[in-house]
Each structure stands twice: as C-alpha cells, then as structure tokens.
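Take these sequences, add in the hints, and give me the full structure.
Each protein sequence line maps, in turn, to chains F and R. Take 1 as the starting number for the first sequence in the numbering used here and just add one per residue. Take 410 as the starting number for the second sequence in the numbering used here and just add one per residue.
Quick caveat, the hints were computed from the structure, so don't treat them as lab data. Built from N, CA and C at the ideal position, the CB exists for glycine as well. Check the hints yourself; a few may be wrong.
Listed next, the in silico BS3-like pairs over lysine-lysine satisfying Cα-Cα at most 25 Å (straight line) [unchecked claim]:
no., chain 1, residue 1, chain 2, residue 2
1, F, Lys-269, F, Lys-132
2, F, Lys-181, F, Lys-200
3, F, Lys-200, F, Lys-338
4, F, Lys-393, R, Lys-418
5, F, Lys-49, R, Lys-517
6, F, Lys-396, R, Lys-517
7, F, Lys-172, F, Lys-282
8, F, Lys-244, F, Lys-183
9, F, Lys-173, F, Lys-211
10, R, Lys-480, F, Lys-393
11, R, Lys-531, R, Lys-415
12, R, Lys-488, R, Lys-517
13, F, Lys-200, F, Lys-211
14, F, Lys-49, F, Lys-173
15, F, Lys-132, R, Lys-517
If you want the footprint, here are the derived chain F segments under chain R, 3+ residues with CB under 8 Å [unchecked claim]:
no., region
16, 34-44
17, 127-133
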Amino acid sequence: MVENRKVIVPIGPYHPLLEEPEYFQLYCDGEEVVDAEWIAGYNHRGIEKLSESKHYDQVTFLVERICGICSTSHPIAYCNSIEDLCGIEIPERAKYIRSIIGELERLHSHLLWVGLAGHFLGYNTVFMWAWKYREPILDMFEMITGNRNHYAMLRIGGVRRDIEDEDVPILKKTLSEIKDKVKMLTEAVLDDPVLSARLKGVGILTKDDIKNYGAVGPVARASGVDIDVRRDDPYAAYNLVEWKVITTENGDVFDKAVVRLLECFESIKIIEQCLDAIYGKKGEIWKEVREIIEGEGIGHHEAPRGEVFHYVRSDGNTTSPVRHKIRAPSYVNIPTFKASCIGETISDVCIILAGVDPCYCCTERIAVYDKDKNKKVYDFDQLIKKSIEKTEKIKKELGKEGKLWKHLL
Amino acid sequence: MSLKLKALKKSLWVYHVSGGSCNNCDIEILDLLTPRFDVERFGIILAASPRHADVLLCTGIVNKKCVERVKEVYQQTPKPCVVVAVGTCSCSGGIFRDGYQMAGPLDKIIPVDVYIPGCPPKPESIIAGIVKFLKELK
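Laid out in structure tokens, this is it:
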C-alpha cells in the first residue's frame, strides 16, 4: 500500500469549503484516490465529562449545544433516556409538540444539506435556492420557540413551551407554502442534467458496506437498508401519525439526495397531522419529575443524519449523571468513506464526503493526546509567561476596581 | 485615517475560522451570504485563504488542538485585520467554560476587535456588530 501512496493531498483543517474544522488526507495516484485518512479532534469540547458536572436539567441545554444543526435531536434522545430510567410516560400533547419540533428540524437540515451539496459541486444556484426556502422554517422556529436555532424546547417529562391555537393556522399556511417550494426544488434538482452527471454512480455504498460499517439514517436508506428508529422503536408521536420510510436502491450520492428530498415531504405530512391533533385542545405539556432514581436508561431519536443514541447512568444520590454516553450518527457514517472514496477521482471525493452529511461537532466524542505535542503547546516558558500575564491582568483589574470604589466614596 | 485602513473599509473579505464550535454560528455566517440577508451587496464575501482576508470571523471555544492553527491563521492574515468573535463560545466560553478541552476564549489567544455575543447570534446582529465597528473606525 505504501508504494502506492504517491501524493498526499490535505483537505483542512481550515478549508474554505468546510464550515467546520476537519482534516482529511487523500493519498493520490494521479487523479485517482488510493487511500484516505480522517484526522479528528478539532471540534472536541469534552461534553460527556462536562455533563457529569451539570444538573439533570442543565444537561438538556448542554447536549443541545453538541450540534447546531441537529440541536433538538440530542435533547430528545437525552430526555428519552431519562424517561426510560425513571419510567415516565409524558403527556400526549407534549408528544405531539416533540414530533413537530423534531420534524421541522429534519426539514431545515435536509434543505441545508441540499444547499451545501450544490455548493460543494460549485453549483451555487442550488445553494442559494435551498437556503432561501429554509428561511421560512427558521421563522416558524422563532415563532414557536423564540430562537432560530437552539430551541430549548425540551425538558425532562415534557416540553417547555406550548404551541398556541392562534399560531396553528399561520404555521399551516407557511408549511403549505414551503411544500410548493420544496416540490419545485425537488423537481428542479432531480431533473437537472448537470447534477445527474455529477452525482449518479458516484460514491456507491452497497448493502454489505452499510452493514459492515453500521451506517444509519438516510445513508443506509439510500442503499436499500430499511431502518428508521421512528418506526422501529416508536417514541414521541410517531406511532400516532401516518407516514412512511423512504428507501432507494442504488446507494450513490444522487440517491442520498433523493431520499433526503423525499423525506422532506414525509416530515411536512407528520407536522400537519400533529398540528391538527393539538389544534383546539387543551392539555398538560409537562409532567413534574421529582427525583431521578438509581439506574440506567437509554434513549434514541432518528436525527436528520440517523440514529442518535444516549445512555445515562444515575446513582440516585447526586443531581448529575454518573456517566453519560453519546453516539452521534456521523460517528458511524463518516468511516464509510473508506468504502466509497477509494478509486474515485479527487474532484468527486468532496461530494462523496459531503454525501453522508457529516457532522463533525456531533462526532468528536473522543480526544487522543499526543504527549509530545501537548508539551509543545504548553512548554515551561510559555506557562511562566502565561502565569505572569494572568497576574498582571488580575492586578490591573483589581486596580480598576479600587479606583471605582474610591470614586464612589 | 491611514490609507491601509481606508482600503480595508471598502470591501470586507472575510475568512471564517471555527475553533471547535457547535456549527450553529458557522451556519448563521453562511446564512448571511444567502438571499435573505445577502451581505454581498455590501461587498462582503468569503475569502478562500486567510492571506486574502480583511476580517477573521472566529467561532467556537478554541480547543487545545486548534490553538496553534488559529494562531497561524492569524499570523497569515495581512495587517491591519479585524478579528470578530462570533457567538458566546468565542466571547466567553459559555457553557463549555469549565471543560477540560477549553483553551480559549478567543481573546486569550489572538487580539479581538469585535465581540458579537448570542447563542447563536442572529444574522441581523452579526451585520449590526460589523456596521457598528466600521462606524467606530471613522
């Protein structure tokens, strides 16, 4: 293998195309990619450890900040795990609202991916269109939850905010408008000769590849593996509404786009049914949870990228989890590049990598330390320098405060 | 005002650095370029290399692995340049302040000119922050 590694092409960690820091090394022989490596850790923030120092209610906000795109998937999975631990059944209205938020998120995430895929291909028209049609969805979020992203909608035992009856007709009107636009976008993207030429037959993942790598979500469904947590292990209101799982057979990047675009319509269908179900009714949206008992719980949610899995262990005495384990979908989806990238040309690799909709901020749960490098970052001189700087800073701040205090006298 | 500063203010070329963020600020920055906000009409575009940039838009907590890279990107940027800390993480550390991987906030690593707090800041507030800074420059 080594003699084949002719040229190394680095992508990242700060690459104009990627909005997150990530680092790929492509080993190329001419135009052909012979091998690829992925170096992680630029996005690691130590969330699992932080979660052990936070209160159970605070962890909901912490896990929300794992990822900005799937920022309600992690709280849903976390709340599911705590509810599994304590054996809580949440009120029906809360179930519907959870599903609405979850599906709105899928809608905005899939449109975001379609836009980015167009951007990666250098086809910026698709990027501008998809992101333009994504804006009304963010407006809906702002209306329901008060924020465009990071909705803070979930809490253990239910949801934080109710959807008022006055809002429902406006939401439905916006949804029907979005539906027309997404339909137009879908037809335009799927009929486009340029996109077909670039995406069809590129980065094929077979059923066996999917099973070997354990890939989940739209990536698996595009290769004909029929899995979806929403149907297989229902939670929230997914077993109370009518919808179907979209699958295609080819497993190339084009099919991944098809699956995602068609899923948008299923999401719209689910949201409409949920809005109908809560309209004109009153009900509890939250069940009070007095204590978290000793034990362990698991929870999952079908995020836009696949199955999010949370495991929480509690010892019954403290107010924070003893252990909190998170597995994000990209963690299993990204390694499939080993199967799909090799043998392709450099120009196609970018869209293949993007085809699994990788989310590095979700994935980076592990940090590997290079001891020598770590020393280099903080060698003795630098530590002394830092320490002196800090002392000076504190002195300065204290001086200011002293003055202020004198002035007040 | 020096010629360099005057030239800087004409059309801002932006390079986006993410030092371990949750992706949300980054997406709001990309959102700025899309039809609803469309900052390109003010001459603001994303540059492909820090060597072409006037503004560094930094997001995220800057974790220990990123420190050296962020410093290098700053050194590569021609001076004078404007460093903007977007989001609560890069302004103060936010919820990740006590994390073991935290090396920031950003102003401990490189000098910062503009702070735009918010989790994430709305695109409007990012525009407002930049405009406010440009007015201050005059």
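Non-conforming hints, listed in increasing numerical order: 4, 9, 11, 14, 15
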